[in-house]
Amino acid sequence: MFEATRINHKNLSRQNMFRLLLGGMTALLILPVILVLGTLIYKGAPVISFEFLFANPTNGMTAGGIFPALLGTILLVIVALLASVPLGVAAAIYLSEYAPDNWFTRAINIAIINLAGVPSIVHALFGLGAFVIFFRFGTSILAASLTLAIMTLPVVIVATRESLQAVPMAFREACWNMGATRWQTIRRIVLPNAVTGILTGVILEVSRTAGETAPIMFTGAVFFLPFLPQGVFDQTMALSLHLFVVSTQVPEMPEAVPYGVALVLIALVLLMNSVSIALRMYLRGKKKW
Amino acid sequence: MTTKRNAESVAAAADFDKLNRDWYIDKAVQVLVFLGGISAIIFIIGIFVFITKEGMGFILGDFSFTEFFFSQNWRPTSENKATYGILALIAGTASVTGLAMLIAIPFSLGTAIFIAEFATGRTREFLKITVELLAAIPSVVWGFIGLALMNPLIIDIFDVPVGLNVLNAGIILGLMAAPIMTSIAEDALKAVPDRYREAAEAMGATRWQVIYKVVLPAAKNGLLGAVLLGVGRGFGETMAVLMATGHAINIPGSVFDSVRALTATIAAELGETAVGSPHYQALFTIGISLFVITFIINLIADLVIRDVRKG
Numbered sequence: 001m002f003e004a005t006r007i008n009h010k011n012l013s014r015q016n017m018f019r020l021l022l023g024g025m026t027a028l029l030i031l032p033v034i035l036v037l038g039t040l041i042y043k044g045a046p047v048i049s050f051e052f053l054f055a056n057p058t059n060g061m062t063a064g065g066i067f068p069a070l071l072g073t074i075l076l077v078i079v080a081l082l083a084s085v086p087l088g089v090a091a092a093i094y095l096s097e098y099a100p101d102n103w104f105t106r107a108i109n110i111a112i113i114n115l116a117g118v119p120s121i122v123h124a125l126f127g128l129g130a131f132v133i134f135f136r137f138g139t140s141i142l143a144a145s146l147t148l149a150i151m152t153l154p155v156v157i158v159a160t161r162e163s164l165q166a167v168p169m170a171f172r173e174a175c176w177n178m179g180a181t182r183w184q185t186i187r188r189i190v191l192p193n194a195v196t197g198i199l200t201g202v203i204l205e206v207s208r209t210a211g212e213t214a215p216i217m218f219t220g221a222v223f224f225l226p227f228l229p230q231g232v233f234d235q236t237m238a239l240s241l242h243l244f245v246v247s248t249q250v251p252e253m254p255e256a257v258p259y260g261v262a263l264v265l266i267a268l269v270l271l272m273n274s275v276s277i278a279l280r281m282y283l284r285g286k287k288k289w
Numbered sequence: 001m002t003t004k005r006n007a008e009s010v011a012a013a014a015d016f017d018k019l020n021r022d023w024y025i026d027k028a029v030q031v032l033v034f035l036g037g038i039s040a041i042i043f044i045i046g047i048f049v050f051i052t053k054e055g056m057g058f059i060l061g062d063f064s065f066t067e068f069f070f071s072q073n074w075r076p077t078s079e080n081k082a083t084y085g086i087l088a089l090i091a092g093t094a095s096v097t098g099l100a101m102l103i104a105i106p107f108s109l110g111t112a113i114f115i116a117e118f119a120t121g122r123t124r125e126f127l128k129i130t131v132e133l134l135a136a137i138p139s140v141v142w143g144f145i146g147l148a149l150m151n152p153l154i155i156d157i158f159d160v161p162v163g164l165n166v167l168n169a170g171i172i173l174g175l176m177a178a179p180i181m182t183s184i185a186e187d188a189l190k191a192v193p194d195r196y197r198e199a200a201e202a203m204g205a206t207r208w209q210v211i212y213k214v215v216l217p218a219a220k221n222g223l224l225g226a227v228l229l230g231v232g233r234g235f236g237e238t239m240a241v242l243m244a245t246g247h248a249i250n251i252p253g254s255v256f257d258s259v260r261a262l263t264a265t266i267a268a269e270l271g272e273t274a275v276g277s278p279h280y281q282a283l284f285t286i287g288i289s290l291f292v293i294t295f296i297i298n299l300i301a302d303l304v305i306r307d308v309r310k311g
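Going down the list, the sequences are from chains B and Z.
Each step along the first sequence adds one to the number in the working numbering, with nothing skipped, and position 178 is 178.
Each step along the second sequence adds one to the number in the working numbering, with nothing skipped, and position 181 is 181.
Read the hints as simulated data drawn from the structure, not as lab findings.
What you are looking at is a predicted structure, and each value in this text was computed from that prediction instead of being measured.
Where a beta carbon is used, it is the ideal one built from N, C-alpha and C, also for glycine.
Check before you lean on any hint, since a few could be wrong.
Per the computed footprint, the stretches of chain Z lying under chain B, defined by three or more beta-carbons under 8 angstroms from a beta-carbon of chain B, are [to be verified]:
1) 78-90
2) 146-152
Each computed DSS-like pair below joins lysine-lysine, with the alpha-carbon atoms no more than 30 angstroms apart [unchecked claim]:
3) Z:LYS213 <-> Z:LYS190
4) Z:LYS213 <-> B:LYS10
5) B:LYS10 <-> Z:LYS220
Computed from the model, here is a short list of chain Z residues facing chain B with C-beta under 10 angstroms [unchecked claim]:
6) LYS27
7) PHE107
8) THR111
9) ALA199
10) ALA202
11) MET203
12) GLY253
13) SER254
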C-alpha cells in the first residue's frame, strides 16, 4: 500500500548525503586536533621526568626542569581563586535569588558577557593600569592573580547561577514556610544542594586561569627568576609564559623542551576539564528531583 | 505570678532579639550579594576607565584620527619622528580573523547540526565532550602548534620560504574558535522545541528536510549569535596570533604573507616601553579600540540571542 515514490527516494538519499557531509565535517574538525595532541605527546613525553617537573631550569633554560614555572602557575591560580570564588558566588546568589527582572539585572548580565568577551590583552592593560600602577602592587603575583580573577569571574558566576537555579523552587518555599529568612534558606537549603555544581565551575576556572598568558605578561609573570617567590608581592614564573619563552625567545633551545612544557600545560588543563565534566555527569546521574 | 510573667517576657524578648539578629544578618547578606552582583558592572567600567586613563595623553596630544587609523606606518621607536599608524595592524587582524571565520563558521555550524540533529546516544556524548575539551586548549599551546608543527608543514606543502603567515594563523585561529562556536550553536539548535521537529516528521519530512525547513529557520538568531561571539573571540585572540603570524608589519597580498595583529602588537611591545611614554600610550589607545569593538560585537550578539529566547 505504501510504495516509496521517486520523490521519497530522492529525499532520503539527500538526507543521507547531508548526514555524511556533516559527519565528515565533524570528523575534519576533531581529527586534526587529536593528531596534533598525539604529536605533542609523542614528542613531549620523552622529556617528562621527575627531574623535569621538580628541578630548576639551568643553562639558560635549555636544560633542567620547570619547577618554578609550575609552582608559579599554582600560586597564581590559588590567589586568583581566593579573590574570584567568593565574589563570583555572591554575584550568582544575587542574580539567582534576589535580582528582579529589570533593566539593571540585564545590565549586570551584559557586563558579565562582556567581561568574558573582552580580549585577554585588554585585561592585561587593565591589570597594568589598575593593579600595578594605580594600586601600587607593582608587577607581582597579587596584581597578576587579580587580573586573572576578574577575567575568569564570568566562569564562576555562570556555573554557580546555573546550579543555584537548578534547585527546585519548592525547596525554598518549604523553608520559607517554616519561618526561615531568605539567607537561612540560601545557606541551609539552596547552597548545599548546589555545591557540586559550583565546584564544577570552580574547576573550570582553574583550567582557564592556568592556561592564560597575555593577562599575566605585564602584571606579574616574568621570563626567568633565579629564586622562588616568597610572597604575593614577588614576581613569579608561570607555565604558560614559560612555553612562550622557551618556544620563541631562547636561541638554541633543544626541540624537545618546548614540547615537554606544552604537554605538561595541556595535561594540567585537560585533566581539570575532565574532572569537571566527570563531576557534572555524576551529578546528573545522582539528581533526585 | 509576677516572676513567671517576667520570665515569660524575658524569654519572649530573647526570642525577639534572636529574630532581630537573623533579620539584620539577612539584610547584611542581601547588601553583600548585591555588591557581588554589581561587581561585574564595576569591573567593566573599571576596565574602560583605567585603559582610557593610561591612553588619554596620546589621544589628547597631537593625535590625528586619520593618521592613527589610516596610515600604515607603525614606527613607534623611530629616532627622528615616531609615527603611529595602525592600518597595517588592522589589515593583519582582519585577514587572519577573516580566514579563521571562513574555516570555523561552516565547520562549527556543520558539527553543531550533526551533534544536535543526527548523532545519538554515545556518539553524541563523546562528540560533545571532545568539543568541550578542544575549547579548553590554551591559546599559547595553539601558538606553539602553529610555530612548531604548522610552520614546517606549510613550508613543505606550498614550497614557500616562511610558514608563519596569514594561512597558518588563520587555520590555528579557526580551529580555536570552532569549538566555542559549535557549543553555542548547538545550544541554539537544542533550544528549538522538539514539537516542531515532531510536527514536521509527522508530515512525512525526512530528517534533513526537518533541519533545513524547520530547525535552522527557528534557530537562525541563535546561530548568528554564535557566529558573532566566535568573531569576537578570534578578533581578540592574542598569544596564538602573536606566535603564528610571523609578526611582520604588512598589508597582506596573499595568504602566504606574514602579518601582525593589533593584539599581538600590544603583547610584543608593551614590555619595552616606558610607562607614560607616547609609545606606551599609543598601545593603550589600540587597547581602547579593541575594547570598544569587542564590546559592540558582544552587545549585538547578546541582543540577537535574547531576541530568539523571547520569540
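These are the hints, each one checked on the structure:
{"no.": "1", "hint": "78-90", "in the structure": "violated (count 0)"}
{"no.": "2", "hint": "146-152", "in the structure": "holds (count 3)"}
{"no.": "3", "hint": "Z:LYS213 <-> Z:LYS190", "in the structure": "holds (16 angstroms)"}
{"no.": "4", "hint": "Z:LYS213 <-> B:LYS10", "in the structure": "holds (16 angstroms)"}
{"no.": "5", "hint": "B:LYS10 <-> Z:LYS220", "in the structure": "holds (26 angstroms)"}
{"no.": "6", "hint": "LYS27", "in the structure": "holds (9 angstroms)"}
{"no.": "7", "hint": "PHE107", "in the structure": "holds (5 angstroms)"}
{"no.": "8", "hint": "THR111", "in the structure": "holds (4 angstroms)"}
{"no.": "9", "hint": "ALA199", "in the structure": "violated (17 angstroms)"}
{"no.": "10", "hint": "ALA202", "in the structure": "violated (15 angstroms)"}
{"no.": "11", "hint": "MET203", "in the structure": "violated (12 angstroms)"}
{"no.": "12", "hint": "GLY253", "in the structure": "violated (26 angstroms)"}
{"no.": "13", "hint": "SER254", "in the structure": "violated (23 angstroms)"}
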